[in-house]
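Here is how the chains run, residue by residue.
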Amino acid sequence: MIWRVEVAEKKGFYDAIGASVKHDIHDLGLQGKVKEVKTVQVYLLEGDISVDAITSICENLLIDPVTQDYSFRGKILNESKYKVVEVAYNPGVMDPVEESAKKAIADLGIKGVRSFKTARKYLIRGDLSYSEIHAIAEKVLYNKVIQHIVKGAAAIAPEPPPYKFELRHVDILSSSDEKLNKISKEGQLFLSLDEMKAIKRHFKAIGRNPTDCELETLAQTWSEHCKHKTFRGLIEYTGELGEHKAKSPKRKTIIIDNLLRQTVMKVTDKLNKPWCVSVFKDNSGIIRFDEKHNICFKVETHNHPSALEPYGGAGTGIGGVIRDPLGTGLGAKPIINTDVFCFGPSDYPYTKLPKGTLHPKRIMKGVVAGVRDYGNRMGIPTSNGAVLFDERFVGNPLVFCGNVGIMPKDKCEKAARKGDLVVLIGGRTGRDGIHGATFSSGELTHESESVSGSAVQIGNPIQEKKLVDTILKARDLGLYTAITDCGAGGLSSAVGEMGETLGVEIHLEKVPLKYTGLSYTEIWISEAQERMVLAVDPRNIDKLKAIFEAENVEATVIGKFTGTKRLKLFYNGNCVCDMDMKFLHNGVPIIKRKAVWNKPRFKEPPPPKNRDLTEDLLKLMSSPNIASKEWIIHQYDHEVQGGSILKPLQGPNHGPGDACVTQPVLGSKKGIILGCGINPDYGKIDPYWMAASAIDEALRQIVSVGGDITKCAILDNFCWGNTNKPDRLGELVRSSYGCYDIALAYGVPFISGKDSLNNEYSTGKKTISIPPTLLISAIAVIDDITKSISMDAKRAGNFVYLVGLTRNELGGSQYYKIRGFTGNNVPKVDPTYGKKLMIRLTRAMRKGLVSSCHDCSEGGLAVSLSEMAFAGGLGMDIALNMRQMPKGQYPLRPYEMLFSESNTRFVVETSDAKSFEKAMGTIPVWKLGQVTKDKRFRIRGFDGKDIVHTTIEKLKSAWQKPFKDM
Amino acid sequence: MPKPKVLILRTAGTNCDKETAFAFERAGGRAELVHVNEITKKRRSIHDYQILAIPGGFTYGDDIASGKILANELKFKVESDLQKFINDGKLIIGICNGFQILVKSGLLPNLSGNFQNIEATLTLNDSDKFEDRWVYLKKPESKNQKSKCVWAKGIDGLIELPVAHGEGKFIPRDENILRELKDEGLIVFEYVDVAGKRAGYPYCPNGSVENIAGICDPSGRIFGLMPHPERHISPYQHPCWTRKMKDGPGDGFYIFRNGVEFAKKNL
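Chains as they are written, first to last, in the numbering used here: chain A, 64 to 1029; chain B, 804 to 1070.
One should not assume that every hint holds.
Said to hold, decoys possible - Calculated cross-link-like contacts (lysine to any residue; reagent style SDA-like; alpha-carbon spacing at most 25 Å):
{"id": "1", "chain 1": "B", "residue 1": "Lys844", "chain 2": "A", "residue 2": "Glu612"}
{"id": "2", "chain 1": "A", "residue 1": "Lys1024", "chain 2": "B", "residue 2": "Lys808"}
{"id": "3", "chain 1": "B", "residue 1": "Lys985", "chain 2": "B", "residue 2": "Ser1022"}
{"id": "4", "chain 1": "B", "residue 1": "Lys806", "chain 2": "B", "residue 2": "Phe879"}
{"id": "5", "chain 1": "A", "residue 1": "Lys996", "chain 2": "B", "residue 2": "Cys1043"}
{"id": "6", "chain 1": "A", "residue 1": "Lys428", "chain 2": "B", "residue 2": "Asp931"}
{"id": "7", "chain 1": "B", "residue 1": "Lys808", "chain 2": "A", "residue 2": "Gly730"}
{"id": "8", "chain 1": "A", "residue 1": "Lys998", "chain 2": "B", "residue 2": "Asp996"}
Hints listed in this document are in silico derivations from the structure and should not be mistaken for laboratory results.
Take the sequences, apply the hints, and build the full model.
Here you go:
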């Protein structure tokens, strides 16, 4: 029978969930209309459960006896004055609580519970029309991709009928081109006609049609997501290149064979750093850490799923990237998470919202909650990140998730051997996430939520935490020879990759399922989360299984590595796939695409009329890209594992730190610094200089906190529009060459990267493309964490310097953005000078000459000074003083000096001006003024008169204002 | 003298186990990470240890309510062993999720002495949000009662530790429980502002009744708190260490040292 249990707060106890829902409803513009929101937690239990048993379950498990009451015979609250909305998960969506609840019920000694589901009831009191309730439900209470509103009596969806085996072939041999396209489209394969024809040729040669499973396997393996066909294909590029050397390079047409190899990967080859242990081949890039350990780093995106279901999409995004270090070499312990988000403006008008999209604010809150709940539950500190806003992210938010792992030096190589068993560990397989890899390789449309809803999932972080705990035990005992994660493409990608050189056979019926009814193909391509694949010597299998069993993790032998170089799949003895590994991995036809670059022209704003720039500065502090992200930072546990040395918020008054410093081995002084550079506003003007600026920014952050760029490696993440369009591809080419030129000159290798293309949103006729966006993540090793430097101003009387030169480079600046312009003078980078500057500054820091340091990025010099001052709770007296101005610096107009975003600049506080200047040698440094005891913040112009005059309290409150009530 | 043995209890979702073990080792103990299955399946015995520590994390995802499922597991499967452990005069500490587990299993405050009654709870923060932030803590001022807690011995001034939780609002079951907690000196720490006075959010991060951050049982040997002492055993873990250096270890260290020293002397 089915028991329906309702749980609610007792009278007089605060309903925190109800209060926060009410807050969200207010944000919809329904202020005042909603008087009260109460919530009721609903549980549905199905099985042979007696009244005694359900009473015990309620009293001992489902309620908090101090604060809550329950009822299993009808409603717990009197609902007469309320409008009621009950939200439950859709059938097939995993209920995240079910597994642990069943365990807990068994702990009570109660048997016979077959199913356990949750739902939540919202009781809303207020003067609201039906359509307003409907709007509230849709915008705040549920997401139809994974949930529905319960109508009538709540029911538990019946177990799907068992699957009846039937081997299916897809007739492509007799198909016309038109038919081939149709097969690809209707099957959500996202294979191009050329690719379909290559498959047809292959199967024609062997004289049969492919099975559905074979075709799906090819679609997964050949997807843009897995194969990076754009980056690795042929590109005919027309445009300029080589700006960093020649002032105005000639326009030309060139053929690029494998853009990735010609640019990003070539930097690493050329630099050939001895401390790069494994680059661009494993699930993440590995560098040396200390005598005993190496560290690895990977950043991924999860954009498409986060657009449709922000909470689940972002959660599985972080969950997925954690499995990358875990699946690197023989497994690394995940130790730090990073997150960078790009959203549409949080105050975007509902009326302008494209059909089928969620509001940016809702996406933002959902994404933050998703990363929070997954990252925190994994016990991994989320320590570094950024959040940016632009109208062009309304249809396609970007969600970058990164993870750093640490591993013993001798666990960095893996190789499955002939005869090894294929062991699947972790969560069970369901229908979730089918077609994720191919789905993410296409464009989003207003129909995506209905067509591709199954590509979205909710993660189960505890399942993954159990995996981490047990895998590391098995690793240290040497019980397996290779490991990889099940990510996009599910088993098809994981097993396909592991077995590439040996060949493998899999018995799909052995895969443990969440529920019945899955076909052999669904089992093979399901992207159910929290699963990894191991290669295990048969002699170790019992020991290995014991490790997993001891902590309630399923480990199942599903096949073996054969040495036949074929991919063979069976379902209850029937062969459903038999393919040559060579064709599977190398048979994809090379695409040749055209790329064009034409420099866009944007309108230049007139200079500001006002002489006093105080208001402009305060406005900048409140601009969304600069404003405080405290509300996010505090929700992330950035201190778990005990190694947080420099935190995201620094100083007694919490200023925004440049980079985080983490001590991964407790008791050792060695540390890891993480920073990141990203600026899509520059990408609108010129992706070449965007790439250059992103690298410069990431390196600046490393240097700011005391790091050394000669011990730094970087990662690239390209998020682009549809690169089938020549202009978008032209932008990608320029950006890649920007990466090549600048990283090479700085001497900083790339160790890993990823691209997410097709971030466009179409509603019938109209298409919105994101601006080209490159994230550069930097990781550096610091020998002594106690030498790290924070950004908060330390002591009144200390001197304040600007290191580096300021140019009129306001193109793409935040200052132009708040005035509604883009401009054209995008900041450039001179890496030869930049490298010299950064190395000098690091040396001055090592000599103990720097009390605080903050890089100049969005908002420019004035914002950096403000943040340092308020973070330290101290004032500043600053003057643009011609006499102190260094050689090479020209006197720009005040607003240009204060708000230009020229690269390679730092604000430095020192107590010893003379020694600092001496240590910096020929590097341009400008003594701007002093830290002061009072809370006044003033900047004088070249004429000695104030151009900014305010207090640090005002600066800080402007900085906090926009997201204060999140 | 042999080092006191500390059992760091872990299960699915425990995540502060290693740094808690490190803190106990630093304080002179010998810490071992033990999965709850090893206890319930009787492969290991808690009686081989002098200290039981339940570290932070999200045991079983904190599904249903934080700490509830492990609390039940202890209550229904390890009860007699725990009772003996307590009767033997041994020590228990629960940090964050561990505190939630001690409260929800009835081990804290355990005024009735048989840990069958749930006398308090830790529930959703008033903000309905998980928050990681540093807080100031102090022993409550009381004229007639000194704190009984052996873990907090000598920690008399203002201390700083981080909290990181979504369900840390302490609520006693009724007025009588609260009064007894106060009268018997069982409130070990309360959230205060930088001047040492009780204050609202964000100084009190969760809305706890009377700003309660940590309590102990009438014996003073069982101690639970929401803030994380294991995250402040070195001065470099403090958010403002780049400004001023206090001498000696971080504030949280002394809690572990008190536990280890007590065990050395008495157990």
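Hinted pair Lys1024(A) and Lys808(B), Cα distance within 25 Å: At roughly 50 Å apart (the allowed maximum being 25 Å), Lys808(B) and Lys1024(A) break the hint.
Distance restraint between Lys996(A) and Cys1043(B), which requires alpha-carbon spacing of 25 Å or less: It holds: about 18 Å lies between the C-alpha atoms, which stays within 25 Å.
Pair hint Lys806(B) and Phe879(B), alpha-carbon separation not exceeding 25 Å: violated, 31 Å
Restraint check for Lys844(B) with Glu612(A), where alpha carbons must lie at most 25 Å apart: holds, 13 Å
Pair hint Lys985(B) and Ser1022(B), alpha-carbon separation not exceeding 25 Å: Roughly 14 Å between the alpha carbons, so the hint for Lys985(B) and Ser1022(B) holds.
Given hint Gly730(A) paired with Lys808(B) - CA-CA distance at most 25 Å: With a Cα-Cα distance of about 20 Å, the restraint between Lys808(B) and Gly730(A) holds, given a limit of 25 Å.
Holds or violated: Lys998(A) to Asp996(B), with C-alpha atoms at most 25 Å apart: Holds, at about 22 Å.
25 Å limit on alpha-carbon distance, applied to hinted pair Lys428(A) and Asp931(B): holds, 13 Å
When held up to the earlier numbered hints, the structure conflicts with 2, 4 and fits the remainder.
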